[in-house]
Amino acid sequence: MTVPNDEPCLTIKGLIKDCGPVAGLDGKMIRVLAGVNFSARRGSVTALLGANGAGKTTTLECAQGLQPINGGEVRLLGQEPYGAGAELRSRVGVMLQDGGLPPSARPVPLLHHIASMYADPRPVDELVSRLGIGSFANSNIRRLSGGQKQRLAMAAALIGRPEVLFLDEPSAGLDPQSRQIVFDLISELRDDGLGIILTTHLMDDAQKLADYVYIIDAGRTVAQGTVAELTAQTDELADQRLLTFDAAPGLDLAAVGLSHLVVRESVPGHYTLRGALTPGDIAGLSAWWARAGILPSAIHMASRSLEDVFLDLSGREIR
Amino acid sequence: MSAPASLPVRILNQGRYEAVTMLRNGEQLILAVFLPLMALVALSVTPILDGYGTSRVNMATPGILALCAMSTAFTGQGIATGFDRRYGVLRFLSTTPLGKAGLIAGKAIAVVAVLAIQVVVVSIVAAFLGWEPSWSGIPLGLISLLIGAAAFTALGLLVAGTARPEATLAVTNLLWILLAAVGGIIIPAGNLPDIMQPFVEILPSAALGEAMRSALIDSSFNFPATLILLAWTILGGLAAVRWFKWS
Chain C
1 MTVPNDEPCL
11 TIKGLIKDCG
21 PVAGLDGKMI
31 RVLAGVNFSA
41 RRGSVTALLG
51 ANGAGKTTTL
61 ECAQGLQPIN
71 GGEVRLLGQE
81 PYGAGAELRS
91 RVGVMLQDGG
101 LPPSARPVPL
111 LHHIASMYAD
121 PRPVDELVSR
131 LGIGSFANSN
141 IRRLSGGQKQ
151 RLAMAAALIG
161 RPEVLFLDEP
171 SAGLDPQSRQ
181 IVFDLISELR
191 DDGLGIILTT
201 HLMDDAQKLA
211 DYVYIIDAGR
221 TVAQGTVAEL
231 TAQTDELADQ
241 RLLTFDAAPG
251 LDLAAVGLSH
261 LVVRESVPGH
271 YTLRGALTPG
281 DIAGLSAWWA
291 RAGILPSAIH
301 MASRSLEDVF
311 LDLSGREIR
Chain P
1 MSAPASLPVR
11 ILNQGRYEAV
21 TMLRNGEQLI
31 LAVFLPLMAL
41 VALSVTPILD
51 GYGTSRVNMA
61 TPGILALCAM
71 STAFTGQGIA
81 TGFDRRYGVL
91 RFLSTTPLGK
101 AGLIAGKAIA
111 VVAVLAIQVV
121 VVSIVAAFLG
131 WEPSWSGIPL
141 GLISLLIGAA
151 AFTALGLLVA
161 GTARPEATLA
171 VTNLLWILLA
181 AVGGIIIPAG
191 NLPDIMQPFV
201 EILPSAALGE
211 AMRSALIDSS
221 FNFPATLILL
231 AWTILGGLAA
241 VRWFKWS
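Chains C and P supply the protein sequences, listed in that same order. By this note's numbering, the letter at position 38 of the first sequence is numbered 38, and the numbering carries on one by one without gaps. By this note's numbering, the letter at position 163 of the second sequence is numbered 163, and the numbering carries on one by one without gaps.
Treat the hints loosely; a few may be bogus.
To give an idea of the interface, some chain P residues facing chain C are shown, with a C-beta separation under 7 Å as derived from the structure [said to hold, decoys possible]: (1) Ser2; (2) Ala3; (3) Pro4; (4) Ala5; (5) Asn13; (6) Tyr17; (7) Gly88; (8) Val89; (9) Arg91; (10) Phe92; (11) Thr95; (12) Thr96; (13) Pro97; (14) Leu98; (15) Gly99.
It should be emphasised that the hints constitute simulated quantities derived from the structure, not laboratory data. Where is the CB? At the ideal position from N, CA and C, for every residue including glycine.
Chain C extracted, bound-state conformation (with noise of 0.2 Å):
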C-alpha cells in the first residue's frame, strides 16, 4: 500500500523513551525521551536539532524501530516500526551515528552484500562513483578516515533505493570536500522526493540543509518551524538584534542614551549592543558618532540566528 504523498512519511507523538536500569542511579530507569514530537514530509530535509545528550539518537532509533517504546505513538510510512517487517525496512534508508560498519570488511564487497538484501537495489559503481568510494575500495574499513566511514556509511543507507533517510549527524567528521559532496547529494535526494530526517548539533547545518527543523531539549520537543519562522518567533526575543561596530577603545557609550540596550565593549575596541533595536537608536547612535568625531571602522547588524534561538530554548549552560 502506497502512502499519499502529502502524508507525513514519519509522524512521533509524544513518544517516551525510558532506559536503564542504570547502575549508578541504584538501577533505577531514566527517562530518555519525555514527550517528543516530530514529523516529516517527502521531498523535504527534517533536523532534529539539540545539544549532545538531548535524546536525538534515541528519538532516530524509535523511529527506526531499533528500540521499543514506553509512550506515545511512531508512525514510519504509516507502520508502527517496532517489530515491523522486512517490506518496511526495504523502504527506510539508515546511517547511524558510528557508522555500523564491520572494520575487518572492505567497503565494496560490504556494499555488495548490503545491496544483496534489497530485490532492486542501486547499482554499487554507481553509489562508489558518486560518493567517492573507488580511491578507497580495496582498504579495510578500520584503516578509513572519519569521512571516508562516513560516505560508505552513507552509501550503504542509500543502496535500497529508499523512501525515507535517516541521517545520523550526517557532518560528523567530515572534511570540507566530503561534506560538500555529502551536502549535495542530500540536496539531491530531497529533490527526488525523499524523506530526509537528520540530526545535528550544528546550527550551521541545520540553517544550510534542513526545510524544517524541530528543537528537542531534554528529552522534548521545545520548537519547531522553518529556519526563518523560528529565528523570527514572535516572542519577546523575536525583536532583538544584534549591532556591532568597531572604533577607538573606551568610549562612554552611556553618552548615546540607549538605556533599554545592552551594551558592552566586549573587546578593547569592539562594541556590541543587544535588544530591541529601533531606527532611532540607529539614527542617535549615528548623530552621537558624528556629534564626538568618530568614524567606525565596521558596523555589522544580524538578527537573531538560529543558534540564539537554541541557545535560549536550550540553556546557555554547558552541560
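Chain C is already provided as a structure; the job is to place chain P on it using the hints.
What follows is chain P alone, placed relative to chain C:
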C-alpha cells in the same frame, strides 16, 4: 518501489558472508581447525586415552568433532558477535531488510557451514590416522553435533550480547581451554577425579562429547546426554532472548 529480497535469499547471503568472514580471520581459523587437529594428533600418539575404546584415534575423533562445534559456535561466533555489537554492525543490519531474526539465522547458517568444513578436514586427517567410525552411528553423530552447535551458539550469543567484547573474548577463550581440558569433551568425564564428575557430566561440553562417542563408537543414542544438550539449548536460547542487548 523498493522491496526486500526474499527471506531465504537474505538469510543465505548473510550466512555465506559471515562464514567467509570467519574463515578469513586467522585467529578463528587457528581455533576452528589447527588446534583441534593438533589435539587429534596429540591424542593419537600419546597414551592419554589408552584403555578406552578400540583405538586411540577411534576414541579421540568424536571428542575432537565436538571440540570443533565448541570452537566455532561458542568462541568464534561469540567473539565476532561481541565486536559486531560494539561497532554497531548488529544495529545497522537490523535496519536493513535482513532484520534481527535474519541476522541470527544467518549466524546459525555460518556456524553450520564452517562446522561442515571442520568435520570434513578432521575426518580426513583422522582417517589417515586410522579412524574407523561406526558407520551406522554417523547420522546420529551429525544430529548430536547440530544440537551441540545450537547449544553453544545460544551460549555464545548470551555472552556476546551481555558482556563487553573484550570480556567476551576473554571468557569464551578461557572457557574453551577449560572445557577442552577438563570439561569432558575430549577426555570422558569418567577419567576425571571422582569429585568433579557430577559437575562435569551436566556441562554441555561433556554431554556433546558423550553423545558423539556413543554415536560414533557404539552406534547408540545417548539419551541423557542429548537431554542435557537440549536443556542447555533451550535455557541458553531463552536467556539470550531475554538479556541480549543489540547496542
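(Q) Tell me the numbers of any earlier hints that the structure contravenes, in ascending order. (A) No hint contradicted; all consistent.
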